[in-house]
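All chains, full assembly: derive it from the sequences and hints.
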Amino acid sequence: GAVVSQHPSRVICKSGTSVKIECRSLDFQATTMFWYRQFPKQSLMLMATSNEGSKATYEQGVEKDKFLINHASLTLSTLTVTSAHPEDSSFYICSARDTQPTKNIQYFGAGTRLSVL
Amino acid sequence: GIQVEQSPPDLILQEGANSTLRCNFSDSVNNLQWFHQNPWGQLINLFYIPSGTKQNGRLSATTVATERYSLLYISSSQTTDSGVYFCAVNTGKLIFGQGTTLQVKP
Numbered sequence: 024g025a026v027v028s029q030h031p032s033r034v035i036c037k038s039g040t041s042v043k044i045e046c047r048s049l050d051f052q053a054t055t056m057f058w059y060r061q062f063p064k065q066s067l068m069l070m071a072t073s074n075e076g077s078k079a080t081y082e083q084g085v086e087k088d089k090f091l092i093n094h095a096s097l098t099l100s101t102l103t104v105t106s107a108h109p110e111d112s113s114f115y116i117c118s119a120r121d122t123q124p125t126k127n128i129q130y131f132g133a134g135t136r137l138s139v140l
Numbered sequence: 259g260i261q262v263e264q265s266p267p268d269l270i271l272q273e274g275a276n277s278t279l280r281c282n283f284s285d286s287v288n289n290l291q292w293f294h295q296n297p298w299g300q301l302i303n304l305f306y307i308p309s310g311t312k313q314n315g316r317l318s319a320t321t322v323a324t325e326r327y328s329l330l331y332i333s334s335s336q337t338t339d340s341g342v343y344f345c346a347v348n349t350g351k352l353i354f355g356q357g358t359t360l361q362v363k364p
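Keeping their order, the protein sequence lines are chains A and B. For the first sequence, my numbering assigns the number 24 to the initial residue and increments by one for each residue that follows. For the second sequence, my numbering assigns the number 259 to the initial residue and increments by one for each residue that follows.
Be aware that one or more of the hints could be misleading.
As the list claims (entries may be wrong) - Lysine-lysine pairs mimicking DSBU-like chemistry, simulated, CA-CA at most 35 angstroms apart:
#1 Lys64/A to Lys351/B
#2 Lys37/A to Lys351/B
#3 Lys363/B to Lys64/A
#4 Lys89/A to Lys351/B
#5 Lys78/A to Lys43/A
#6 Lys351/B to Lys43/A
#7 Lys312/B to Lys64/A
#8 Lys351/B to Lys312/B
#9 Lys64/A to Lys89/A
#10 Lys37/A to Lys64/A
#11 Lys78/A to Lys351/B
#12 Lys37/A to Lys78/A
#13 Lys64/A to Lys87/A
#14 Lys43/A to Lys87/A
#15 Lys37/A to Lys87/A
#16 Lys312/B to Lys363/B
#17 Lys43/A to Lys64/A
#18 Lys78/A to Lys64/A
#19 Lys87/A to Lys351/B
#20 Lys37/A to Lys89/A
#21 Lys78/A to Lys89/A
#22 Lys43/A to Lys89/A
Claimed, not checked - On the chain A side, residues computed to face chain B include the following (Cβ under 10 angstroms):
#23 Lys64
#24 Arg120
#25 Gly134
Stated by the list, open to error - Sample of chain B residues lacking proximity to chain A, with all beta carbon distances greater than 12 angstroms (derived):
#26 Gly274
#27 Asp285
#28 Leu329
#29 Gln336
Since the hints were made in silico from the structure, they are not lab data. Where is the CB? At the ideal position from N, CA and C, for every residue including glycine.
Shown next as structure tokens:
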């Protein structure tokens, strides 16, 4: 199956710093990538949809200035958590959708566990 | 928006037992995927199944789109099957159910 690489896998940072998470599709092109957030023992909540070459679409309640998304190429999307605070601590997961129209499947990265002290 | 409900929320099995997980959704969808999230958080694609039945080893899935539900069957369960099973429906974006947490005891 298709591979999505997410880096880093774990981040521990001080409150007030910014953290960048990368999501790469390794063996396919992805016009659209997605960013999810998951709290312990809960489901995945979609934060935003990232479209190559255009602005991301954020879900209701997600602060776009807090969670900056850039999708500069067909294989890379980044999520930057700006001025992180303890309440931003969570598990962030990206996914990528294959551009081939016959393959409407989303593939997921391994996730990034963010801990803000 | 569309509602996705999974049942049961928790399931404990003895190794070797069979189980059925259910996913109900409230509206028509483009497709449906089943995932297994392992203890490290990695989501593993199990099935892409907008309709019909598929099988992969000890796992199989059936989606009846007209009745808005999907079932995931696990046969001869193993301890490595433990984790959280999610169904997710695609309405242009994937909407996840709350998951079924499965524990398989040796």
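Verification of the supplied hints:
1. Using a Cα cut-off of 35 angstroms, the hinted pair Lys64/A and Lys351/B holds, with the two alpha carbons roughly 22 angstroms apart.
2. Of the pairs offered as hints, the one joining Lys37/A and Lys351/B holds, with about 33 angstroms between alpha carbons and a cut-off of 35 angstroms not exceeded.
3. Restraint check: the Cα-Cα separation between Lys363/B and Lys64/A comes to about 20 angstroms, which is no more than 35 angstroms; the hinted pair holds.
4. Annotation: proposed proximity of Lys89/A to Lys351/B holds, straight-line Cα distance about 22 angstroms (limit 35 angstroms).
5. Using a Cα cut-off of 35 angstroms, the hinted pair Lys78/A and Lys43/A holds, with the two alpha carbons roughly 17 angstroms apart.
6. With a CA separation close to 23 angstroms, the supplied pair Lys351/B and Lys43/A stays within the 35 angstroms bound.
7. Our distance criterion of 35 angstroms between C-alpha atoms is met by Lys312/B and Lys64/A, whose separation comes to about 28 angstroms.
8. As the CA atoms of Lys351/B and Lys312/B are separated by approximately 23 angstroms, the hinted pair is consistent with the 35 angstroms bound.
9. Restraint check for Lys64/A and Lys89/A: the C-alpha separation of about 24 angstroms stays at or below 35 angstroms, so the hint holds.
10. The suggested pairing of Lys37/A with Lys64/A holds, with an alpha-carbon distance near 25 angstroms, which does not exceed 35 angstroms.
11. Note on Lys78/A and Lys351/B: the hinted pairing holds, with a Cα-Cα distance of about 16 angstroms set against a maximum of 35 angstroms.
12. Restraint check for Lys37/A and Lys78/A: the C-alpha separation of about 28 angstroms stays at or below 35 angstroms, so the hint holds.
13. Restraint check: the Cα-Cα separation between Lys64/A and Lys87/A comes to about 25 angstroms, which is no more than 35 angstroms; the hinted pair holds.
14. Taking the CA atoms of Lys43/A and Lys87/A, the gap is near 14 angstroms; set against the 35 angstroms cutoff, the hint holds.
15. For the hint pairing Lys37/A with Lys87/A, the CA-to-CA distance comes to about 21 angstroms; that is within 35 angstroms, so the pair holds.
16. This hinted pair checks out: Lys312/B and Lys363/B have alpha carbons roughly 26 angstroms apart, not beyond 35 angstroms.
17. Distance check on the hinted pair: Lys43/A and Lys64/A sit about 24 angstroms apart at the alpha-carbon level, within 35 angstroms; holds.
18. Using a Cα cut-off of 35 angstroms, the hinted pair Lys78/A and Lys64/A holds, with the two alpha carbons roughly 31 angstroms apart.
19. Of the supplied pair hints, the one linking Lys87/A and Lys351/B holds, its CA atoms being roughly 18 angstroms apart against a limit of 35 angstroms.
20. Note on Lys37/A and Lys89/A: the hinted pairing holds, with a Cα-Cα distance of about 16 angstroms set against a maximum of 35 angstroms.
21. Restraint check for Lys78/A and Lys89/A: the C-alpha separation of about 15 angstroms stays at or below 35 angstroms, so the hint holds.
22. Note on Lys43/A and Lys89/A: the hinted pairing holds, with a Cα-Cα distance of about 12 angstroms set against a maximum of 35 angstroms.
23. Annotation: Lys64/A was flagged as interfacial toward chain B, and the flag holds, the nearest CB pair being 8 angstroms apart, inside 10 angstroms.
24. Here the hint on Arg120/A is kept, as its CB sits about 9 angstroms from the closest CB of chain B, short of 10 angstroms.
25. Because the closest C-beta pair between Gly134/A and chain B is about 4 angstroms apart, less than 10 angstroms, the hint holds.
26. Distance check on Gly274/B: its Cβ is at least 27 angstroms (rounded) from any Cβ of chain A, clearing the 12 angstroms threshold; non-interface status holds.
27. Interface exclusion of Asp285/B from chain A stands, the closest Cβ pair being 17 angstroms apart, more than 12 angstroms.
28. No Cβ of chain A approaches the Cβ of Leu329/B within 12 angstroms, the least distance being about 19 angstroms, so the stated non-interface status holds.
29. With a minimum CB-CB distance of about 21 angstroms to chain A, Gln336/B clears the 12 angstroms threshold, and the non-interface call stands.
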